[in-house]
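K.L.:
Single-letter residue listing:
There are 10 protein chains.
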Amino acid sequence: MSLATLDATQHPYLPAVSATLFKAKATKALSFEQIAQHIGRNEVAAAAIFYGQAKPSAEDIEKLSSLLDIPLDILNEQLSGFPDRGRSVEMPPKEPLIYRLYEIVQNYGYAYKAVLNEKFGDGIMSAISFSTKVEKETDSDGNNWAVITLRGKWLPFSRF
Amino acid sequence: MSLATLDATQHPYLPAVSATLFKAKATKALSFEQIAQHIGRNEVAAAAIFYGQAKPSAEDIEKLSSLLDIPLDILNEQLSGFPDRGRSVEMPPKEPLIYRLYEIVQNYGYAYKAVLNEKFGDGIMSAISFSTKVEKETDSDGNNWAVITLRGKWLPFSRF
Amino acid sequence: MSLATLDATQHPYLPAVSATLFKAKATKALSFEQIAQHIGRNEVAAAAIFYGQAKPSAEDIEKLSSLLDIPLDILNEQLSGFPDRGRSVEMPPKEPLIYRLYEIVQNYGYAYKAVLNEKFGDGIMSAISFSTKVEKETDSDGNNWAVITLRGKWLPFSRF
Amino acid sequence: MSLATLDATQHPYLPAVSATLFKAKATKALSFEQIAQHIGRNEVAAAAIFYGQAKPSAEDIEKLSSLLDIPLDILNEQLSGFPDRGRSVEMPPKEPLIYRLYEIVQNYGYAYKAVLNEKFGDGIMSAISFSTKVEKETDSDGNNWAVITLRGKWLPFSRF
Amino acid sequence: MSLATLDATQHPYLPAVSATLFKAKATKALSFEQIAQHIGRNEVAAAAIFYGQAKPSAEDIEKLSSLLDIPLDILNEQLSGFPDRGRSVEMPPKEPLIYRLYEIVQNYGYAYKAVLNEKFGDGIMSAISFSTKVEKETDSDGNNWAVITLRGKWLPFSRF
Amino acid sequence: MSLATLDATQHPYLPAVSATLFKAKATKALSFEQIAQHIGRNEVAAAAIFYGQAKPSAEDIEKLSSLLDIPLDILNEQLSGFPDRGRSVEMPPKEPLIYRLYEIVQNYGYAYKAVLNEKFGDGIMSAISFSTKVEKETDSDGNNWAVITLRGKWLPFSRF
Amino acid sequence: MSLATLDATQHPYLPAVSATLFKAKATKALSFEQIAQHIGRNEVAAAAIFYGQAKPSAEDIEKLSSLLDIPLDILNEQLSGFPDRGRSVEMPPKEPLIYRLYEIVQNYGYAYKAVLNEKFGDGIMSAISFSTKVEKETDSDGNNWAVITLRGKWLPFSRF
Amino acid sequence: MSLATLDATQHPYLPAVSATLFKAKATKALSFEQIAQHIGRNEVAAAAIFYGQAKPSAEDIEKLSSLLDIPLDILNEQLSGFPDRGRSVEMPPKEPLIYRLYEIVQNYGYAYKAVLNEKFGDGIMSAISFSTKVEKETDSDGNNWAVITLRGKWLPFSRF
Amino acid sequence: MSLATLDATQHPYLPAVSATLFKAKATKALSFEQIAQHIGRNEVAAAAIFYGQAKPSAEDIEKLSSLLDIPLDILNEQLSGFPDRGRSVEMPPKEPLIYRLYEIVQNYGYAYKAVLNEKFGDGIMSAISFSTKVEKETDSDGNNWAVITLRGKWLPFSRF
Amino acid sequence: MSLATLDATQHPYLPAVSATLFKAKATKALSFEQIAQHIGRNEVAAAAIFYGQAKPSAEDIEKLSSLLDIPLDILNEQLSGFPDRGRSVEMPPKEPLIYRLYEIVQNYGYAYKAVLNEKFGDGIMSAISFSTKVEKETDSDGNNWAVITLRGKWLPFSRF
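Protein chains in written order, with our numbering: chain A, 1 to 160; chain B, 161 to 320; chain C, 321 to 480; chain D, 481 to 640; chain E, 641 to 800; chain F, 801 to 960; chain G, 961 to 1120; chain H, 1121 to 1280; chain I, 1281 to 1440; chain J, 1441 to 1600.
Quick caveat, the hints were computed from the structure, so don't treat them as lab data.
Idealized CB from N, CA, C, for every residue including glycine.
Errors might be hidden in some of the hints.
Restraint ranges, calculated between C-beta atoms of paired labels, are given here [what the hints assert, rightly or not]:
{"id": "1", "chain 1": "G", "residue 1": "E1019", "chain 2": "H", "residue 2": "A1178", "range": "52 to 60 Å"}
{"id": "2", "chain 1": "F", "residue 1": "E935", "chain 2": "G", "residue 2": "Q997", "range": "48 to 56 Å"}
{"id": "3", "chain 1": "I", "residue 1": "Q1314", "chain 2": "H", "residue 2": "V1267", "range": "47 to 55 Å"}
{"id": "4", "chain 1": "G", "residue 1": "E1095", "chain 2": "F", "residue 2": "L830", "range": "52 to 60 Å"}
{"id": "5", "chain 1": "G", "residue 1": "S1100", "chain 2": "F", "residue 2": "G840", "range": "57 to 65 Å"}
{"id": "6", "chain 1": "A", "residue 1": "P12", "chain 2": "B", "residue 2": "I234", "range": "53 to 61 Å"}
Based on the sequences and whatever the hints tell you, model everything.
P.N.:
Okay, here's the thing in structure tokens:
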């Protein structure tokens, strides 16, 4: 089985910690599923930490340090600040897998808005008070299906 | 309760059928949930038909015609071709609700890719052999949560 | 004193209600301050309704109808849906006044982020659970100063 | 508590002084609030100096040198010129916190203009003769609110 | 001698008053020099009014009305609001004459900044507290030279 | 008084000579006014040489070499070719001072064109057979004004 | 033989005179070669007048009026101003023939610059004091070759 | 007389051979005219080789090696592949000389197309089966004129 | 079976003939396969004529006129000029089917170039001396496969 | 015969393995045809591996290691992850050969869609369940023709 790796030359705007974490992950030959289980978080959240898109807690950092054999002070230093999110994917995405997600937004964006507005009123689904997960299903014909769930708090526009 | 409407002057690139359908929807005061139930499809799919992003079957058209009191020949003519998808949302989206979906792709795109690749191998989640739905949850504190599910067939890259 | 008006040919993507409201405003010679007082909302919110960027309540619509002498059924029809926000300003803004606000974001964006993160932790200031106001100050030298206040709920990133 | 840091590889267009200052800030474990108090400036202004968006006075530099233990001649050399503003945020901003500010300009830009023009006449709010501050409020439900104040001199267009 | 005219189909985003004014100007066969003299303003300012880039005073409107034989109420209505500046030139400019001005900014922008900063300190030359004029010179060889003068108030960045 | 400097990391596309010249300028603590006087050129032209936007003569190079204590052969080598103009300012400019100049072109571009065409006929003001200067004025209230003069040869379009 | 025509719906930004001229050209079934001979100008210049990219003289207008049977006053009115050049081709060009010219600039731009600088010094080839022509050659194998000649005055950069 | 040089830091996307060739050209103090004569090619083609926009023959490489005193194996290695054309000029070009060529395409593109279509039918002038040259003319008033000739094979669209 | 239609409001930049042809096609209920057979051309070429991307011969026009019952003079007038190609697809394409073709170019572009260069030398595959076709295959599992063939003349770069 | 090479400075976003593979290919003087035969894959697929656009199997890696004399562990490490596709060609492509493919999509995109929709119904041709090949033909006049075949599985849009 192959594991996701990082070719840092292709991602010059990722934080320094991304190279640190991915290098250790490759050495330890760990999947995100294994890493996520170890730190008690969802595997998308685990991967997001690796790409500099989520902030780990102090406890997460300790667990990552021990699991990946990265000195704690290095991890602490590289992860001490706040994520500068949004720098991993250049939009529109060129990567075919990520483009498909972008295309879903492009094609169904207003359909989602219409259905959500009718269900919830005037507001948005938060991308901050938000969680997501990825699941694998196999149908009776043996075809695999990917299922991505997005769950965000509904925020109504304030009246002022 | 408010219903989603279309201000056609704001969407000059939508097909003619969008104005036809939304005008009838407003007159009949029907929600997408009601329309979807009537035609036996998901409400996101129903809204996608209204925005010219999905192709209804002949039977769908008949049901829409009777539910919305639109002459069948008009609907047949305006819906006879194949959708020219992607013209409803101008990217990057300016609409805050749609932007939040775009932001999820921007922030978590590579995390999804890493997790999906490790789970399925080299390939993509199809946006064509694909379905989606929107659900509403209310937690114990009375907060509402929107849940969007994306389900796509996994397509491995061909070897050639 | 001059009043803000709308030259609809310059704003082809605003909703139909913008032309309706601005025309009546010009005829009645009312300022946004007067309109806001009448409907009991902030004047920025009142102007946002005129530009199709905020959703008025049923009561707001009634008050606008009577104040501006616009038949209620016309206003109800044109305001019945959900705002398709973001279509009034083309970014980057060409208008000098609006550009200055854009420039503040461009120059101080990371400074705001750093200070907010240190004060509140990892999260964002909501632009949805949000209010804003404009005030005028005159200093002892007779110079006028514009004061814009932005107040948004702090949303911490969810842990998942 | 976490402190804002700088991952210089993510910000290749910031001036050399940004790396110098942020590195010392991390070593000293100082917040912008502490730094601002020490140099007698607003904390947004202090952060703006760190991001190369504001010019410190000679006295500011001396105080920063002593507080952060950076040799004065290094700071003087790196801060001797005039800021080349605007290079910290790439527009449209990808960072969610900064995007929310951008979205406020996008959605409310013309509403601000209308209200300001009616209050002040034809002109702009200066972003140069300008100050700003960030405050934290906690409401009775324990929710935190961020309050950003923008205060700029009103400049009427000259008649010529 | 030819006079500047407006082909309104080429400028769909100019305000309605532009067509009104330019049509009358063509009928009366007046140059901007003549118009400017009549209203007591600089000819660039006069042209800027025609392109919707400057706000005329009540007295200016009366003089334009009488000089151009446009009913005063029409002019008053079309000019009653505040200019929505920046919509006449699409950047980068395609027009060769305007491109040359753009090119001057592109080539000499930092040279101007360096010289201005050394002469005035940290700040900007205002484009609001600003006037400009165009002059014609003929040298001893009979060559014509255009001289454009830009005069703006120096605004130092506020300390806060 | 502060002097203009160059943070070369912020200007990766400037020629190598820019770093050479600015470093020597900082060491010698010379203003562009002093440098310009020494080489007998306008200070904007002097700054343009530093930013790689103008070609110095052999004599200019000698004078720069002696004034700035840069070995003549180094300057000769770095300045031997032809300027690759336009690489200093990325358009639209993010720098507030330079943006104001850009905004003047954006707002008044067609007004300049109209006035110039009426004064000179069909043609352009050259940006090549061109000179420019910056002056400082102080009005009776003690306000400073920057005056930028652009003087270009008028080039009529050829008839063919 | 086919003649060049204009489908005005494809060129919404061309001036009104383009539709007038092309319609008459189609009715009269005249080629640009014939039109050019009649008015004594190069056929590229003749076509440029039709696309609103060149200003005809009073005599040109008279000859076009008589050749194309367009009332003189209509032509005079539609051609009385100054061309607003650059609005015919949207860059980068999508049209394959025009793209090839664009590609030549893209590929050989610096080669032209290097050769021209070495031949003429520091300056540019004017696109204003400029003429161009198109010729057809047939080689001994019966292949046709298009030859485009660009001839512009050399303008050295002024010393100031 | 000055010679064209390359400041490699300004052209990070040129191939390695560009730096090799330009450095040797500067050392040998050779013009493109001299180099072109030596290898028996047009000087634009010679310069295009230097900028990585044309593929030299084996014999060209040998002659360049001997003329420029570059070891043959180095040149062979750096020139062994196929040019990756189009990376020298970033479009739209910022360089004034190259911009003028771009402007000619922008202004006269459709005029060229119309004249070429009428002369040759439906097709394009090839930019591949193509040659070009630069000539210098001096008129009776002592003015210099640059003449650029573009000669491309006419390719009719295939019928299928 | 559904037939391809045109919603002209979605394609404002297509020529007038597109609406004429598609309307008649819908009325006659003809597929592009049937139309292509009738005029003796490939069905992609037939569709390209409908989208204004290919020039029909006089005989093609006659056959289209009789097959589609469109008066010959109308077709002759609307098809008399030369196609203004490239205006049907806005790049990057938003339509999912067309995007997939774009993605193939994006992903395999350099692989094609490398293989073609090694097989043919330095040059390009012409898109003008070019034909294409679409075929349908069904494999033993009942899956359908689309096969698109691109066949273009190889054009070597000229030596000059 | 020349072989395709990689000038890594021109492709900063390609993965590290691209430089490794191309360097060995140049040393071994192998064509993609030879490499493809050795690993039993199509030559476009072989080249795609070199450009980081396809994932080789474990067996492919072993064969590449032995053919190219690259230590297996280096290749395994550099090729262990999943391709980050789409980073080789910057769109729109500047390279003339690749641009021609892009132009085919731009010109014939809707024609392909119309023909495919009529043949297959509502769906897309997959670019993932996809293979492609390049062939060379020589016609009776000795002209070479490149033939590119694209073969993708037809994916109908799901009904939901």
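K.L.:
All hints are to be evaluated individually against the structure, with a verdict given for each.
P.N.:
Hints versus structure:
Range check, G:E1019 to H:A1178: about 58 Å between beta-carbon atoms, so the 52 to 60 Å window is met. Between F:E935 and G:Q997 the CB atoms are about 54 Å apart, so this pair conforms to the stated range of 48 to 56 Å. The beta-carbon spacing between I:Q1314 and H:V1267, approximately 54 Å, falls within the hinted interval of 47 to 55 Å. Taking 52 to 60 Å as the suggested C-beta distance range, the pair G:E1095 and F:L830 conforms, at roughly 56 Å.
In this structure, G:S1100 and F:G840 meet the distance hint of 57 to 65 Å, their C-beta atoms being roughly 60 Å apart. Between A:P12 and B:I234, the C-beta spacing of about 55 Å keeps the proposed range 53 to 61 Å intact.
Of the numbered hints listed earlier, not one is contradicted by the structure.
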